[in-house]
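Chemist: Sequence:
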Amino acid sequence: RFDKGFNDIRYSRIEELRKSLAPMKAERLKLQAEANRLQFETILDSRNSNTESQIPSSELSNIQSRLSNIDSRISLPQAELDRLTRQFWVTKEQVRANKYDLSASRYRQVEADAVYHEKPSVTLERLARLEGVMLDEINELKKLVNGE
Numbered sequence: 029r030f031d032k033g034f035n036d037i038r039y040s041r042i043e044e045l046r047k048s049l050a051p052m053k054a055e056r057l058k059l060q061a062e063a064n065r066l067q068f069e070t071i072l073d074s075r076n077s078n079t080e081s082q083i084p085s086s087e088l089s090n091i092q093s094r095l096s097n098i099d100s101r102i103s104l105p106q107a108e109l110d111r112l113t114r115q116f117w118v119t120k121e122q123v124r125a126n127k128y129d130l131s132a133s134r135y136r137q138v139e140a141d142a143v144y145h146e147k148p149s150v151t152l153e154r155l156a157r158l159e160g161v162m163l164d165e166i167n168e169l170k171k172l173v174n175g176e
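Every number in the numbering used here is 28 more than the matching position in the sequence shown, counting from 1.
The hints are simulated quantities; they were obtained by calculation from the structure and are not laboratory data.
For each residue, glycine too, the CB sits at the ideal point set by N, CA and C.
You can take every hint at face value.
For lysine-lysine, the following DSSO-like pairs were computed, each having C-alpha atoms within a straight-line distance of at most 27 angstroms:
(1) K58 / K47
(2) K32 / K47
(3) K58 / K147
Listed next, with one range per pair, are the computed distances between beta-carbon atoms:
(4) E165 / S133: 47 to 57 angstroms
(5) F30 / N64: 42 to 52 angstroms
(6) R41 / R101: 13 to 23 angstroms
(7) R38 / L158: 48 to 58 angstroms
(8) E44 / E153: 36 to 46 angstroms
(9) Q92 / E168: 31 to 41 angstroms
(10) E153 / E43: 34 to 44 angstroms
(11) S85 / Y128: 55 to 65 angstroms
(12) Q137 / L158: 35 to 45 angstroms
(13) R101 / E153: 28 to 38 angstroms
(14) N167 / S74: 11 to 21 angstroms
Whole structure, please, built from the sequences with the hints as guidance.
Modeler: Right, here's the structure in full:
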């Protein structure tokens with residue numbers, strides 16, 4: 029705990045891992061966005077069974093395989109980073125200030141990965157497209173019921 033050389037090596041390794049993981053995690057978020065878009069488009073295309081699909085199924089499976097590949101590349105460095113950041117020291121004053129609560133969550137800084145969420149504007153646009161599809165289906169049903 030008081031060995032400066034050990035701490036320097038540890039902190040430099042933590043920074044090295046964070047720097048190597050950052051581009052992979054950014055790529056993972058982009059792939060998740062693309063997979064989400066392709067899944068939505070595939071579902072809409074499946075509604076139009078009389079027309080040829082505009083999105084090849086191989087494109088979605090390619091994105092999913094790239095996503096699983098990047099997840100496997102992230103797992104080992106992330107496990108090492110988690111292990112290194114799990115180790116921490118606190119001062120007596122910090123423990124006293126927290127009323128002698130020795131819960132690790134009080135002292136350890138936990139870094140959460142960025143989670144993919146679609147932009148609200150994209151979600152609204154997709155909802156509008158789905159609503160259009162539903163209205164088309166309702167109109168077709170009305171025509172069938174009225175015998176047109």
